[in-house]
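Order-wise, the sequence lines are chains G and H. Residue numbering for the first sequence follows our numbering, beginning at 115 and increasing consecutively. Residue numbering for the second sequence follows our numbering, beginning at 6 and increasing consecutively.
Misleading hints may appear alongside valid ones.
For lysine-lysine, the following DSSO-like pairs were computed, each having C-alpha atoms within a straight-line distance of at most 27 angstroms [to be verified]:
no., chain 1, residue 1, chain 2, residue 2
1, H, Lys29, G, Lys193
2, H, Lys264, G, Lys244
3, G, Lys244, H, Lys267
4, G, Lys494, G, Lys586
5, G, Lys566, G, Lys578
FYI, nobody ran anything at the bench for these hints, they're computed from the structure. Model, not experiment: these values are computed from the prediction.
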Amino acid sequence: MEFEAVIGLEIHIELNCPTKLFCDCPNNPGDEPNVNTCPICLWFPGAIPRLSQAALEKASLLCLGLGAELQPRSAFDQKVYYYPDLPKGYQLSQAHLPLARGGGIDITDENGRPKRLRIHHIHMEEDVAKLVHEIEGRTPISLVDFNRAGAPLVEIVSEPDFRTPHDAMEFLKALRTQVRYVGASECSMENGTMRVDANISVRPRGTDQMNTKVEVKNMNSIRHVGDAVAYEISRQSACVSSGEAVVLHTRLWDPDRKATFPMRAKFEGPCIPDPSVPFIDLSPEWIEKMRARLPEMPAARAERFVARYGLTDEEAVYLSADPETASYFEALIAEKVAPRTAMHWLTTQLLAAVRERGQELSGTPVTPARFAALLKMLAKDEINANAARQVLIELFDCGESPEKIVEARGIRQVSDHDALEGLIDRVLGENPAAVADYRGGQGKAAGFLIGKVMQASGGKANPKIIRELLTKKLDALG
Amino acid sequence: MEDIFCYTSPQTASSGSGPLRGLKTAIQPCFCVAEWPTDAGSRALAGFTALEDATVVERLRQAGAVLTGLTRMSEFGFGLDDSRAGMAIRNQAADVELSLDLMGETRLAAARASVCGFKPSWGIVSRFGLIGLMPSMECCGLLSGGVKQIREVLKVIAGPDERDFSLPDEKTPDFSQGEINPRETTIGVVPEGLSNMTSEQRDAFEAALAELREAGFSLREISLPDFSLFALVHRIVGSVEASSSAGRYDSVRYGQRAKGAKNWNEMYLLSRGAAFGTLVKSYLFQGAFFQFERYDAYEDACRVRARLLAAMAEISAQADFLALPAVNPGVPDMAASLDDTYRQFFYTAFANVTGQPTLYLPPGAGAITPGLQLAGPRLGDARLLALGEYLLSARQGGK
């Protein structure tokens with residue numbers, strides 16, 4: 115029997131707000147343990163939660179960015195369970211009335227066809243504390259760091275529209291891009307600001323039944339999500355084939371063994387409405403105000419790049435995937451660099467060089483203005499591509515303008531025909547064998563000769579003009 | 006006084022020159038007072054000292070009130086078994102006492118001590134720093150010898166608080182004295198509330214109503230067949246909220262941790278087992294039962310609550326105030342079980358379900374009638390207090 119998988123994702127994203135969700139403590143989970151705590155996030159007697167306006171706004175922007183519909187009324191509930199990482203016996207979450215419903219992400223499936231993966235709802239909730247397990251003497255002890263307790267989270271619950279690991283990975287990549295665009299989170303799975311749980315079940319291909327699902331956790335990269343989903347599909351398919359029943363439970367992904375293993379179930383009760391956090395009532399005017407704050411989203415930006423700058427779909431999607439890259443590109447255009455040159459040099463040269471140096475585009479000394487000056491010299495044939503690459507390296511290390519660097523190094527391109535003709539004559543005289551090859555019909559001998567001329571010019575000659583003059587001369591010899 | 010106070014303030018000088026300058030104020034240890042042992046009467050908080058003042062305490066201090074000490078309370082304010090609420094007023098050790106009202110404790114304590122007891126509308130007094138048990142039912146009640154002091158204190162403590170966003174965005178009642186004209190005022194009586202009284206008890210209540218009639222008020226019987234559901238709804242919703250609220254007493258961050266636990270679950274079981282008294286423990290068990298085993302019944306109770314609120318709003322359209330008994334005469338003073346406790350508060354729990362203000366007025370000197378419980382519509386606190394003041398002064402022959 116052939117199986118297909120039904121997959122849904124639950125994604126927790128930690129919002130990069132300055133404070134926690136229900137108190138004014140700094141939202142810096144990585145600080146010294148327990149410095150960012152107060153009677154509210156430690157849930158001392160008499161504490162009352164106060165929903166952060168900044169968190170509500172950021173969460174709302176994120177929802178709008180994903181095309182979800184903000185609900186006129188949402189509310190917080192108490193998700194009750196007892197665990198030392200949860201300071202009050204319940205987690206404040208939106209179980210019954212979520213902040214937003216609907217929305218989705220468009221991806222390209224494995225066969226190159228467009229596919230929409232729908233979002234069921236998006237809700238806010240508070241993060242829990244971090245447990246650190248140690249051994250003191252011979253006694254195992256658990257330490258609790260409450261810095262993260264109460265940090266603002268958003269949970270995105272998808273519809274079970276995914277069929278393959280590819281779907282899941284593409285969804286996550288696009289999701290990450292869009293959340294970064296609205297500036298709500300870095301969405302780093304490595305750092306835990308994006309955490310993904312996958313619900314997976316299998317069924318005979320072509321049927322529409324919904325079978326018992328298994329939840330998989332503990333993946334810390336998008337690639338791991340793909341691997342874990344793929345593993346789980348084949349594990350469950352094998353189960354069903356051998357007549358074994360799939361049981362509802364949670365499994366952990368082990369990246370070293372590249373397999374999932376069952377984990378102990380955590381008791382969870384139903385959620386009851388929290389009486390202390392008031393309803394969140396959003397007026398249509400407020401929602402419109404939020405919408406006005408939404409930046410141009412990546413899909414719209416990519417479309418604009420194609421329409422206005424003549425990029426291919428692929429180039430446009432690649433450039434717009436990261437808001438910083440896209441903005442840098444547009445800054446080059448604003449400096450009057452031709453779009454294709456800007457695209458090519460940004461993606462093949464600058465990004466690699468920036469990454470190599472562990473920098474960010476926003477902080478690199480190679481500002482759009484300096485890079486644009488370099489690309490404009492290239493466009494005017496004042497330097498050749500080789501020289502441009504050398505100057506780029508120097509732009510990282512000194513504060514000089516590209517023009518000054520070119521002058522100082524004497525690598526301005528030689529386009530003077532008389533000077534070049536002299537060099538060509540000399541090279542032709544020195545390489546009779548290559549000339550004979552060319553005349554014998556071996557076209558690639560021209561390349562060899564061009565290289566020789568370039569060498570003789572000290573790398574400064576304009577290759578276009580050499581080729582022009584050289585072929586003219588060789589053909590004249592014929 | 007030791008049987009009344011569990012802590013007396015080392016410093017009793019009045020500070021400042023605010024409107025409550027010199028007002029001796031006793032408080033229950035469920036209101037946080039910085040550095041005082043506010044343990045809410047529970048072993049779960051034995052040795053706990055508050056880090057900062059509750060909003061009501063802070064406002065009292067700023068207005069010049071003198072905090073005299075903490076009075077003994079039942080565990081988390083639930084019921085009146087170990088409570089000495091009202092006794093500081095009766096013995097003139099305090100002018101005013103703040104007392105937690107979860108289902109009528111302030112009003113019944115007032116009846117017991119023969120003083121005035123007031124439960125304000127839900128949502129007009131900040132709960133920040135109030136160590137409570139059922140957020141949607143509880144509020145800061147006030148006990149005093151007269152109604153005037155209650156009004157003066159409310160002027161100070163009521164109103165928006167930037168530390169308590171759960172207060173609805175509403176206009177705080179204007180507590181300057183209102184006028185009451187008995188000829189234009191209707192007081193409703195719900196006959197269903199009296200159904201389980203003996204005829205003698207009913208006669209006594211009728212005698213209390215006679216005082217109103219004599220003062221010139223028109224009385225009107227208004228039927229509310231579901232009156233007995235108030236206590237039931239309170240019991241289900243209140244216990245579920247209590248079960249959640251008490252979840253923080255887990256011995257992880259504060260409180261006493263029981264020794265000998267081999268793992269987390271045992272730590273929870275042993276510590277929480279030792280932390281709560283029998284009555285509160287059975288209440289928490291009941292709440293957990295409804296939450297985990299009978300969630301549908303909890304949801305039903307929430308729906309019935311909404312219906313009862315609507316029914317009460319309709320009654321407000323037919324009468325300015327309601328008059329009810331406070332004490333359920335058939336029930337022993339010491340309640341040993343949850344059933345007894347809820348029977349004890351049969352006439353008072355409704356106001357915590359609906360969030361409306363209620364005032365207990367003790368009988369006049371020498372009167373054989375029981376005291377009266379008067380209720381107004383939600384946010385009608387000022388008018389209800391005006392009624393109380395009118396009746397007290399009428400007794401003294403002022404009107």
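Results for each hint:
no.: 1; hint: H/Lys29 with G/Lys193; result: 42 angstroms, violated
no.: 2; hint: H/Lys264 with G/Lys244; result: 24 angstroms, holds
no.: 3; hint: G/Lys244 with H/Lys267; result: 21 angstroms, holds
no.: 4; hint: G/Lys494 with G/Lys586; result: 23 angstroms, holds
no.: 5; hint: G/Lys566 with G/Lys578; result: 14 angstroms, holds
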